[in-house]
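Just so you know, the sequences run in chain order A and B. Sequential numbering of the first sequence, starting at 1, is according to my numbering. Sequential numbering of the second sequence, starting at 1001, is according to my numbering.
Hints in this document: simulated from the structure, not taken from any laboratory. Some hints could be false.
The list that follows gives simulated cross-link-like pairs (lysine to aspartate or glutamate, EDC-like), each with its CA atoms no further than 20 Å apart [claimed, not checked]:
1) B/LYS1119 to A/GLU24
2) B/LYS1119 to A/GLU27
3) B/LYS1033 to B/GLU1079
4) B/LYS1028 to A/GLU27
5) B/LYS1094 to A/GLU69
6) B/LYS1049 to A/GLU24
7) B/LYS1070 to A/GLU24
Just so you have them, the derived chain B footprint on chain A, three or more residues with Cβ under 8 Å [stated by the list, open to error]:
8) 64-74
9) 153-159
10) 175-182
Cβ coordinates follow ideal geometry from the N, Cα and C atoms, glycine included.
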Amino acid sequence: MLKKVAVGIVFVGIITNFVFAQDEFFEPGYAVGGYGELHYNSSKIGEDDASKKMDFHRFIIYYGYNWTERWSFKSEVELEHNYVKDGNGELELEQAYVNYHSDNFGFQAGVILPSVGLINDFHEPPLFLSVERPDYSKYIIPTTWFGNGVAAYGQLGAFSWKAVMHEGLNGDGIASKWSQGIRGGRQKGYKANAEEMVYNGRIAYTGILGLRVGSSYTTTKALRSGEDIKSIGVSLIEVHAKYDSKGFMTVAEWGNISYTDHSVNSSTGYYVDLGYDIGKMLKLDGKLYPWIRMTDINPGVGHESEDSKHYSKIVFGLTYKPINQIAFKLDFSTKTYADVEKDKATLLNLGVGYNF
Amino acid sequence: MRISSIKNPFYGFVFLCVFCSGLQGGIKEDVEKIIKSQYGDSIVFSMKKLSLDKRVRTEVEQKVHQRFFKDFIYVWTIEADESVKAFGLLDNVKGLSMPITFLVIYDPKGIILNTHVIKYREPYGGEIASPRWVAQFRGRSSQSSYVVGDGIDGISGATISVYSLTTGVMKLSLLFPLIKPQL
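Pulled out of the complex, with its shape left as it was, chain A reads as follows (with noise of 0.2 Å):
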């Protein structure tokens, strides 16, 4: 009688995997995508005659491959400027990591992004308005920052987190660029010294359609050369939000770096995005966001020569996207320094990006 039920147990579990095999949902493989964004840059400062230049700032190709639904590979290969020749241009690995994902939990290991600002987890240019990446994201969040080393991520019902542990930042880099915050002092994965790592942490809300808030920490000592020089102490602190729904195209973040045995006491900075899409009211196919920004960026508090580096800009563009994967765009900038000396820049710029 048993052997019986048990075969009657084995028919239906055949019959079972038959009619519904996991494997019709998934099947290992590799995936392939992209961005880029060509730029025509034009910069006038006081009376002097604008430089005009034209660059195709970025080409990035996305490679990623599926052994089975929990473990993958995705990486990233970017070339900056065209070309790489005589110190001008690059190639980078700028992310390559096994991914391990359950439900609601996952780890990665390789080169990874420390998850800071929204501009460094998700640059894809269609989901930035302006031409060039905000200023905040080269002086404040030193995007793309990425490195060597391991994370962990969760979703926890509208929250999700991450966790990131990588390479430490080049204490000497940070000391002799100060006007640019932590930025000279990435080691991007080359034989990075990992004698002091970096610690990052963020959590963000997505519970109300359309927005996106978040905040994350990060801290390090990044190591000096030389001996009795002090590593600085770098602590980051970030919010940002983003609230994209019923035509509003609506950005914000903020930053401060502070810093010990360092020239500079802190970088701080924000900026403000505000952009409506007026595509549907014009009757167009694709959206049209005019819009407007507002920054002030200061990377040398407490420097000798804080002014000459603080400035604000306000920033006004025009962003059309045929369709969601491209974007043209266009704006218009004046940047003013706190060093009343020191001459206005207008700016202009346009641009086409796309991702895939």
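Following the hints, put chain B in place on chain A, whose structure we already have.
Below, chain B alone, put in the same frame as chain A:
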């Protein structure tokens, strides 16, 4: 059954089959748990694998500019009091690099009652599984608009998944009236 009989290779095989069935039935079980949670344990339902006619498939794919993951979908017919209350259609769409498995429950007229993300496999964008976001599809049908940014809000950080799933739901909504006679 004595413990020693477990050592019998036949029972080992039985155990393996049962174990494998349990593993592979994860998606099916999740779907049926959702159906029961919405209609109660006493609801009657049946599942079938529905092959999609090539002509029908192509017609829908050309309208939405997204391919079907396979040439079939799974359909649950949900009945109570000897009448059909709803149909559940289960399909996949491609996210950035991984498939997203989702279920759309329609009333017999093809109007969406509920949408559920059954399995999300990407490190970013898990927010699209939130009930609040997928509730935006409720009440839509083959006649409705499915445009992100125009009646359907996006999610910052889940852009590709949002567009992909929205198109996937539209695809099933357009498919529904074409396969209704087979359901």
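Hints, one by one, checked against the model:
Under the criterion of a C-alpha separation no larger than 20 Å, the hint pairing B/LYS1119 with A/GLU24 is consistent with the structure, at around 13 Å. Simply put, B/LYS1119 and A/GLU27 have alpha-carbon atoms about 14 Å apart, close enough for the 20 Å limit, and the pair holds. A hinted pair counts as satisfied when its Cα atoms are at most 20 Å apart, and B/LYS1033 with B/GLU1079 qualifies at roughly 15 Å. For a cut-off of 20 Å, the pair hint linking B/LYS1028 to A/GLU27 stands: about 17 Å separates their Cα positions.
For the suggested pair B/LYS1094 and A/GLU69, the alpha carbons sit about 13 Å apart, so the restraint of at most 20 Å is met. Proximity of B/LYS1049 to A/GLU24 is assessed by CA-CA distance (about 11 Å); at most 20 Å being required, the pair is judged to hold. Of the pairs offered as hints, the one joining B/LYS1070 and A/GLU24 holds, with about 8 Å between alpha carbons and a cut-off of 20 Å not exceeded. Counting residues of the stretch 64-74 of chain A whose CB lies closer than 8 Å to any CB of chain B gives 6, so the stated coverage by that chain holds, three being the minimum.
Taking a C-beta to C-beta cut-off of 8 Å, the stretch 153-159 of chain A contributes 4 residues in contact with chain B, enough for the three needed, and the coverage statement holds. Only when three residues or more bring their CB closer than 8 Å to a CB of chain B does the claim for the stretch 175-182 of chain A stand; here the count is 0, and the claim is violated.
Of the numbered hints stated above, the single one contradicted by the structure is hint 10.
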